[in-house]
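With the hints as your guide, set chain E onto chain X.
Okay, here's what each chain looks like letter by letter:
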Amino acid sequence: MTPPPNLARGDLIVLAVPKGRILDELRPLLRAVGIEPEAAFDDDESRQLRFKTNLPSLEIIRVRSFDVATFVAFGAAQLGVAGNDVLMEFDYGDLYAPLDLGIGACRLSVAEPSDLSQSDDPSRWSHVRVATKYPNITRKHFAARGVTAECVKLNGAIELAPSLGLCQRIVDLVSSGRTLKDNNMVEVERIADVTSRLIVNRTALKTRPEEIGGWVERFREATARNA
Amino acid sequence: MQDALHAALLPQGLHDLLPPDAGHEAVIVERALASITAHGYERVKPPLVEYEAGLLAGVGAADRDRIFRLLDPVTQRTMAVRADLTPQIARIAAVRLAHAPRPLRLAYTGEVLRVVGDQLRPERQFRQVGCELIGSLEPTADAEIIALAAETALGIGITGLTVDLALPTLVPALLEAHGITGAARAELETALDRRDASVLAARGDEVGRMLADLVNLAGPVDSALKQFASLALPASAEPDRARLFAVVAQLRGRVPAVPLTIDPVERRGFEFQTGLSFTLFARGVRGELGRGGRYRVAASNEPAVGVTLFSDSLLRALPPPARTLRVFVPVGGDAAKLREQGWITVAALGPVDDARAEAKRLGCTHVWIDAAVSEIA
Numbered sequence: 001m002t003p004p005p006n007l008a009r010g011d012l013i014v015l016a017v018p019k020g021r022i023l024d025e026l027r028p029l030l031r032a033v034g035i036e037p038e039a040a041f042d043d044d045e046s047r048q049l050r051f052k053t054n055l056p057s058l059e060i061i062r063v064r065s066f067d068v069a070t071f072v073a074f075g076a077a078q079l080g081v082a083g084n085d086v087l088m089e090f091d092y093g094d095l096y097a098p099l100d101l102g103i104g105a106c107r108l109s110v111a112e113p114s115d116l117s118q119s120d121d122p123s124r125w126s127h128v129r130v131a132t133k134y135p136n137i138t139r140k141h142f143a144a145r146g147v148t149a150e151c152v153k154l155n156g157a158i159e160l161a162p163s164l165g166l167c168q169r170i171v172d173l174v175s176s177g178r179t180l181k182d183n184n185m186v187e188v189e190r191i192a193d194v195t196s197r198l199i200v201n202r203t204a205l206k207t208r209p210e211e212i213g214g215w216v217e218r219f220r221e222a223t224a225r226n227a
Numbered sequence: 001m002q003d004a005l006h007a008a009l010l011p012q013g014l015h016d017l018l019p020p021d022a023g024h025e026a027v028i029v030e031r032a033l034a035s036i037t038a039h040g041y042e043r044v045k046p047p048l049v050e051y052e053a054g055l056l057a058g059v060g061a062a063d064r065d066r067i068f069r070l071l072d073p074v075t076q077r078t079m080a081v082r083a084d085l086t087p088q089i090a091r092i093a094a095v096r097l098a099h100a101p102r103p104l105r106l107a108y109t110g111e112v113l114r115v116v117g118d119q120l121r122p123e124r125q126f127r128q129v130g131c132e133l134i135g136s137l138e139p140t141a142d143a144e145i146i147a148l149a150a151e152t153a154l155g156i157g158i159t160g161l162t163v164d165l166a167l168p169t170l171v172p173a174l175l176e177a178h179g180i181t182g183a184a185r186a187e188l189e190t191a192l193d194r195r196d197a198s199v200l201a202a203r204g205d206e207v208g209r210m211l212a213d214l215v216n217l218a219g220p221v222d223s224a225l226k227q228f229a230s231l232a233l234p235a236s237a238e239p240d241r242a243r244l245f246a247v248v249a250q251l252r253g254r255v256p257a258v259p260l261t262i263d264p265v266e267r268r269g270f271e272f273q274t275g276l277s278f279t280l281f282a283r284g285v286r287g288e289l290g291r292g293g294r295y296r297v298a299a300s301n302e303p304a305v306g307v308t309l310f311s312d313s314l315l316r317a318l319p320p321p322a323r324t325l326r327v328f329v330p331v332g333g334d335a336a337k338l339r340e341q342g343w344i345t346v347a348a349l350g351p352v353d354d355a356r357a358e359a360k361r362l363g364c365t366h367v368w369i370d371a372a373v374s375e376i377a
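Taken in order, these protein sequences are the chains called X and E.
Residue 1 is where the first sequence starts when you use this note's numbering, and the numbers rise one by one after that.
Residue 1 is where the second sequence starts when you use this note's numbering, and the numbers rise one by one after that.
Bound conformation, chain X alone:
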């Protein structure tokens, strides 16, 4: 797709937002900063990936939460919304996270089957096998206490892994804790509290400080009103 004809290349601002749960919470915030996406954006059946808005200079793309960070880090999108779990996992130097939007609250935790947690003595571990979407965070977390974590990278349905013998522990996002309970697991350790952040591409902020800085300011005001 090409930018609208009245825009020179490089004048468009692309906002990357994650699919799913967080989008529902983000929607009012978008309205509050004056962004109204085209109708297809709210249509879950739509296959469209890229959406126009009421602002000719701003488009929205809807991608997986991990990919939000990648699009913004590489400058394919200038702004994005991503959880700090994603930022911790990738640690891109060219990404700034200037604003906590206060939405999408959950936590990143270690969990294990309930019966294991009765007998387990973590101080004796030298090595654990962990199923997770977050191999970097997991390795770092366990390494900090002298334990080698062998990570099995999964992209979803992490809670299945222990019951089928893939591993005994998982590191995953926990919000209500229901999924864990349904799978007979308990949360044993909290690695980080997670909320969604407004993220900004470094080069875009440096070379278009007024525009990009202006959006950060608008989101900041809207978030403050929300709080």
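Keep in mind that the hints are not guaranteed to be accurate.
Only part of the chain E face toward chain X is listed, based on derived beta-carbon distances under 7 Å [unchecked claim]:
no.	residue
1	Asp-164
2	Arg-195
3	Gly-219
4	Gln-250
5	Arg-252
6	Arg-254
Rather than coming from a laboratory, the hints here were simulated on the basis of the structure.
As the structure is a computational prediction, the values presented were derived from the model and not from experiment.
Idealized CB from N, CA, C, for every residue including glycine.
Frame of chain X, contents of chain E only:
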């Protein structure tokens, strides 16, 4: 067992440059050097490999994790392939040119090799072009280098250029003045690197507020400096602030058309700089075009300031080169005369039936027919 290697497979981050890109890069590098040497900077050429200790001295400490090391079979000492030229230039200035008059102005270009690229810029080998101004602490020296870097970038055709000014010694001075060390310091530095003012403000103390102010004031030079001027900084940070104001005032005179931004908390890659540093960005171009700043020459402790431009980023930032005009000259044509007139000639090695078709096949834009140069449609 290893998979059989395809004959053309290169290791990650290493590329072949082909026509016209290889020629384009050479032209860019030549023009950049011409711009630098026109300001009185003289070329030096250090070797590709030297002893590890020399490369890691002083500002070279930043390269500790990115140099390729090899053992010198003759001396049994560890050698390394340079990952940056600046430490080599500093060594030359301090030792071989110790008696050359100061300020000393040196220019260079050369390939560098790194163990890993980064995520955004995967190149492990690329060419650096740059200059170092050694022996002066004057803000005029900083301004000369920054203006020269900007003029050079503009001169080779970069558009949408921005110079971002940083004070990498400011935050360490602040943290030291408030006695913040260890894990608390690491946590603050992570928040600073993400420009997350909320974590800083949430500390609720003076240093948290000051760091949050520093993060929030980043941006275009006019508003940033106004806010920066009114911040109450510890005495140890005053020289940094004074230098920044002096340099900005001079840059406004030297390169008035180049937008300046200020980011006082920028420190990535500037860990071993000793004062005002800067990064060149171009609108819409991923990564940095170049960077530089103040440092101390390890062997002599002389103050120095320099800049390095990265050839791969420059190539990415520039439009593809204009089509080169080449004329195909059949046997018997006077190619020498055409070259005198400025043409690039491609000579036939034997008689051809259709000179026009042959010229086209060889990628020529023109052909020598009937004693005249004629354009190929």
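Results of checking the hints against the structure:
Annotation: Asp-164/E was flagged as interfacial toward chain X, and the flag holds, the nearest CB pair being 5 Å apart, inside 7 Å. Taken as an interface hint, Arg-195/E checks out: its beta carbon lies about 4 Å from the nearest beta carbon of chain X, inside 7 Å. Annotation: Gly-219/E was flagged as interfacial toward chain X, and the flag holds, the nearest CB pair being 5 Å apart, inside 7 Å. The interface hint given for Gln-250/E is violated, since its Cβ lies 21 Å from the closest Cβ of chain X, which is over the 7 Å cut-off.
For Arg-252/E, the interface hint is violated, since its Cβ never comes within 7 Å of a Cβ in chain X; the closest pair sits about 17 Å apart. Taking 7 Å as the C-beta contact cut-off toward chain X, the hint placing Arg-254/E at the interface is violated, the least distance being around 20 Å.
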